[in-house]
Amino acid sequence: MTITARPDMAGPSPTALTPAGPRDLEDAETNAPTSATSKIFNHPLNAWYVAAWEHEVSSRKPLARTVANRPLALWRTRDGRISALADACWHRLAPLSKGKVIGDELQCPYHGLRFNRAGRCTGMPAQNTINPSALVPSFPVVERYRFVWVWLGDPDLADPDLVPDMHQMNSQGWAGDGETIYAHCNYQLMLDNLMDLTHEEFVHSSSIGQDELSNAEFKVTHDETHVVVSRWMRNVDAPPLWKKNLQDRFPGYDGKVDRWQIIQFEAPSTIRIDVGVAKAGTGAPEGDRSQGVTGTVMNTITPETDRTCHYFWSFMRDWCLDSQTLTTFLREGGKGVFGEDEDMLVAQQAAIDANPDYEFYSLNIDAGGMWVRRILDRMLQAEGRPSDARITGEL
Amino acid sequence: MTITARPDMAGPSPTALTPAGPRDLEDAETNAPTSATSKIFNHPLNAWYVAAWEHEVSSRKPLARTVANRPLALWRTRDGRISALADACWHRLAPLSKGKVIGDELQCPYHGLRFNRAGRCTGMPAQNTINPSALVPSFPVVERYRFVWVWLGDPDLADPDLVPDMHQMNSQGWAGDGETIYAHCNYQLMLDNLMDLTHEEFVHSSSIGQDELSNAEFKVTHDETHVVVSRWMRNVDAPPLWKKNLQDRFPGYDGKVDRWQIIQFEAPSTIRIDVGVAKAGTGAPEGDRSQGVTGTVMNTITPETDRTCHYFWSFMRDWCLDSQTLTTFLREGGKGVFGEDEDMLVAQQAAIDANPDYEFYSLNIDAGGMWVRRILDRMLQAEGRPSDARITGEL
Amino acid sequence: MTITARPDMAGPSPTALTPAGPRDLEDAETNAPTSATSKIFNHPLNAWYVAAWEHEVSSRKPLARTVANRPLALWRTRDGRISALADACWHRLAPLSKGKVIGDELQCPYHGLRFNRAGRCTGMPAQNTINPSALVPSFPVVERYRFVWVWLGDPDLADPDLVPDMHQMNSQGWAGDGETIYAHCNYQLMLDNLMDLTHEEFVHSSSIGQDELSNAEFKVTHDETHVVVSRWMRNVDAPPLWKKNLQDRFPGYDGKVDRWQIIQFEAPSTIRIDVGVAKAGTGAPEGDRSQGVTGTVMNTITPETDRTCHYFWSFMRDWCLDSQTLTTFLREGGKGVFGEDEDMLVAQQAAIDANPDYEFYSLNIDAGGMWVRRILDRMLQAEGRPSDARITGEL
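As given, the protein sequences belong to chains P, S and B, one line each in that order.
Here the first sequence is numbered in our numbering, starting from 18 and rising by one per residue.
Here the second sequence is numbered in our numbering, starting from 18 and rising by one per residue.
Here the third sequence is numbered in our numbering, starting from 18 and rising by one per residue.
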């Protein structure tokens with residue numbers, strides 16, 4: 018298929034993101050809303066993906082998890098470090114994840130071959146000499162922000178500094194928890210879903226949806242690896258959940274609020290959503306959130322196969338940090354909301370598969386998602402693995 | 018694959034059907050019984066297919082149904098008219114059948130885009146201008162004979178006069194009801210099954226089967242869109258079901274009967290079977306059915322995919338019209354019989370798939386089914402979508 | 018794909034097997050342990066495969082069983098002989114296995130066509146003449162050793178003398194019973210599993226596993242259709258099961274034993290494992306087993322599809338022949354052990370499919386399995402159906 022997405026068609030040229038005050042590159046209403054947008058179903062490999070929560074990986078029993086179409090066996094050596102090996106013994110491909118961790122080695126469940134954390138074979142049954150080429154592929158691992166990140170691409174490029182920022186997961190001043198959703202849809206559908214929250218009005222009408230969402234102006238900024246979509250709704254009624262959250266900090270407050278949603282994408286598939294409300298007119302849009310409450314919805318999506326993904330999320334907050342009751346309440350609420358998304362995206366994936374002749378088209382609200390798509394397409398081209406995307410027209 | 022079915026090999030040339038007195042084109046025993054008959058698994062698109070019973074489509078909730086490999090969302094506007102739209106939003110293909118009917122519009126469940134009955138987009142979230150090219154494919158619909166018929170092919174050819182005749186479904190003088198069978202087999206296997214009822218002796222031995230069926234002479238006539246297979250069994254014992262039916266009208270009658278089965282195919286996939294018994298020698302074969310009872314088994318089969326179909330059937334009768342007891346009794350009996358067929362055809366489909374190197378061959382009893390195949394093959398060729406059929410030899 | 022397995026690379030040339038005293042062709046430790054070994058997933062057709070236990074095939078109801086990707090209907094005529102027909106009627110492929118055995122004929126469940134044991138059509142509905150070309154493929158059958166063997170390839174080559182030797186199944190001096198495992202893995206994985214029993218230490222650690230197994234020297238001999246792998250462990254403690262077996266014959270014996278495992282492969286997929294223990298130093302290695310007990314694990318694996326197989330096994334013994342209690346005990350024990358193998362092999366197959374870019378490699382312990390692979394590869398080449406195997410390096 019011809020790749021028609023070209024950098025010179027990208028309209029606004031990439032620009033460094035200035036977090037303090039994003040430059041307004043585009044006005045939403047001036048986007049051409051109806052350009053055809055091919056589906057992107059593949060994923061960059063030169064990137065960190067979350068394989069698991071850190072608590073899922075132990076030195077007692079290996080964890081089997083497929084990342085980017087590659088089955089992995091994840092386990093810890095005695096010093097607590099995590100090893101990610103291909104989940105197939107060098108010998109006859111028996112899954113190492115069904116084996117045993119013995120000291121600092123992983124033993125194959127079939128014939129007992131042993132491998133160290135680098136995947137090198139350290140023992141073969143009934144054999145004194147071990148061929149030096151006997152090894153199982155191993156993959157770089159970083160443990161950060163309560164997650165285990167793996168790198169499936171060129172290991173020479175696996176710079177830990179490239180792990181997307183999710184510092185709210187375990188920083189002072191933040192509390193909260195999350196879960197994993199295993200969804201039968203391509204990871205891109207999940208990204209699209211998070212990059213445009215106007216769907217809340219329709220998919221989440223009973224919880225966080227609000228008419229003002231679709232009507233609020235939004236701004237989109239980006240650089241080569243980030244996209245930010247900002248929405249401010251000033252002097253509005255808080256939806257039920259946010260009214261309650263604000264009252265957690267300011268009991269009894271019943272007035273208007275300034276509400277914000279700042280969606281922060283970091284390539285290839287991490288999205289932090291800075292959300293909150295403050296008493297109306299107290300300066301939140303200008304940077305003073307002292308009269309409000311702030312949450313950050315942490316999202317990172319890991320392709321499993323072309324039709325499945327693991328979606329890791331957490332809701333972190335800056336108020337009532339010590340309340341496990343609140344942590345649990347917000348986590349359970351999140352489960353309900355994200356379950357509605359999952360149902361929709363699985364149905365969308367099924368419709369995409371059943372109508373292979375139909376294209377995607379984009380609306381104004383997709384401006385953020387289109388920049389995500391363009392960034393991913395560039396990453397894929399850089400890897401020599403171009404997507405089938407036809408990203409045309411003025412974004 | 019080479020198409021070897023050629024009109025000039027068809028033997029008897031197509032001839033206008035004269036319903037009053039079908040011309041005997043062929044004597045069954047003179048057919049070449051062993052010509053190889055390739056399987057036809059595709060279906061014409063320029064044709065009306067039943068998508069649903071009329072009562073299945075409402076203005077409250079859209080109905081999802083796939084016809085000829087195309088997922089559809091079926092719904093009614095406030096004036097009761099039915100709209101059939103592709104079940105994939107123009108924007109990102111979310112299934113419209115999961116959306117809401119709002120007034121005369123269908124709202125996408127994901128981002129709230131609205132479409133009218135013609136599929137034109139009438140509303141986009143957060144956007145004042147609507148691109149005039151934004152539309153979802155819509156398909157012609159006719160509501161007739163208690164069914165909703167759709168046309169998936171060239172809409173310019175969608176002439177309502179081409180809807181197959183199933184007038185017994187809702188005409189004075191007829192009563193009865195039916196159901197839908199969802200079967201994991203190609204629609205052609207269902208047509209073959211209905212075009213030759215000698216299988217009753219083996220598949221339905223406990224209900225309507227009768228030895229005389231296989232032995233009775235039959236006549237086949239056809240024109241370009243119809244095939245008729247007529248069988249008369251004179252002066253025979255009525256099988257249990259027909260004995261009961263005749264006694265409904267003539268209590269106590271226990272004598273011989275003249276029994277008939279007149280199978281009437283109308284392209285592409287509707288088969289009416291005129292069945293009944295009359296007191297023997299009272300003139301039924303000559304046209305006087307006053308001393309008998311007549312039923313019509315209404316059948317129309319809609320391809321869903323190449324391996325699945327929806328089979329809509331009903332049993333209509335000309336006696337005891339007011340008896341819901343009888344309607345229910347006959348419908349439930351039909352369910353049992355057609356369930357036996359379904360089991361057989363699903364097993365046949367599995368065997369076809371497991372033995373891709375084996376051909377079909379035809380017997381004398383397949384004369385009707387072979388004309389059906391030839392008609393369908395011609396329709397497919399006219400659409401530039403030829404089947405893989407090799408219909409050879411003298412039919 | 019290029020076939021790089023060449024006879025001239027086979028290292029030791031094939032040599033006649035001398036069962037009485039196999040020539041030691043190779044010393045295990047001198048094998049090149051790390052040659053890449055491609056997977057072989059296809060199977061010879063010119064060979065006898067077990068389709069069923071003899072008691073599974075009756076004259077009352079046909080048995081449906083797929084052998085080597087070909088669905089079969091197996092049934093008996095009145096004289097007790099077994100017929101194996103393709104499970105698809107000549108007419109329209111309805112599965113004959115759902116039909117009825119009527120006298121010496123099999124009747125199609127759909128339209129009642131009848132076929133004799135050779136597959137020739139003997140009756141068609143509503144038709145006096147039967148086309149002489151109307152027949153269903155039939156396959157040679159031999160009933161031997163409690164099993165029904167079928168030949169899917171060239172029938173002219175179907176010599177009953179080629180049925181693999183499993184005489185212990187029903188010979189004087191042997192008692193025992195077995196079962197069938199239906200496994201979701203290629204038959205080759207089952208062969209590999211049986212040709213190297215060092216996996217017992219890891220897969221069957223709780224029952225028959227023993228450390229000495231992996232460490233014992235073994236010898237491999239072969240000819241063009243047989244491979245023998247012999248292991249003797251002298252003066253060892255008997256594992257729990259064998260200690261009990263020996264005590265069945267020599268109550269109270271608690272001393273050291275000489276233990277043996279002699280794996281006898283016969284192409285394409287039969288493996289007899291001569292196993293046992295004798296009182297240590299009583300001459301068993303030299304041929305005097307009078308102070309021991311001998312079992313033979315009979316195994317024969319039949320490919321169903323490329324990803325499934327039927328594995329027929331039985332445990333035959335030469336002691337306590339009359340004890341049904343012992344027969345049942347050993348059969349149930351075998352079920353447990355072979356169930357562990359099945360779990361492992363299904364997991365291995367899944368890992369193979371999930372990692373199509375990874376090769377097999379071989380260890381010293383695979384010497385027997387490598388000869389099996391080479392024999393199968395030669396059979397496949399002789400049939401003009403080469404495997405994708407790359408069997409390279411010094412075996």
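It is possible that part of the hints are untrue.
Which copy? The list can't say, so a pair holds if one copy fits it or any two copies do.
Okay, derived cross-link-like pairs now, BS3-like style, lysine-lysine, Cα gap no bigger than 27 Å in a straight line [to be verified]:
{"id": "1", "residue 1": "Lys-115", "residue 2": "Lys-296"}
{"id": "2", "residue 1": "Lys-236", "residue 2": "Lys-260"}
{"id": "3", "residue 1": "Lys-260", "residue 2": "Lys-352"}
{"id": "4", "residue 1": "Lys-260", "residue 2": "Lys-78"}
Everything labelled a hint here was simulated from the structure, so no lab data went into it.
**OP:** List in ascending order the numbers of the hints, as given earlier, that are violated by the structure.
**Re:** As far as the earlier hints go, 1, 4 are violated by this structure, in ascending order.
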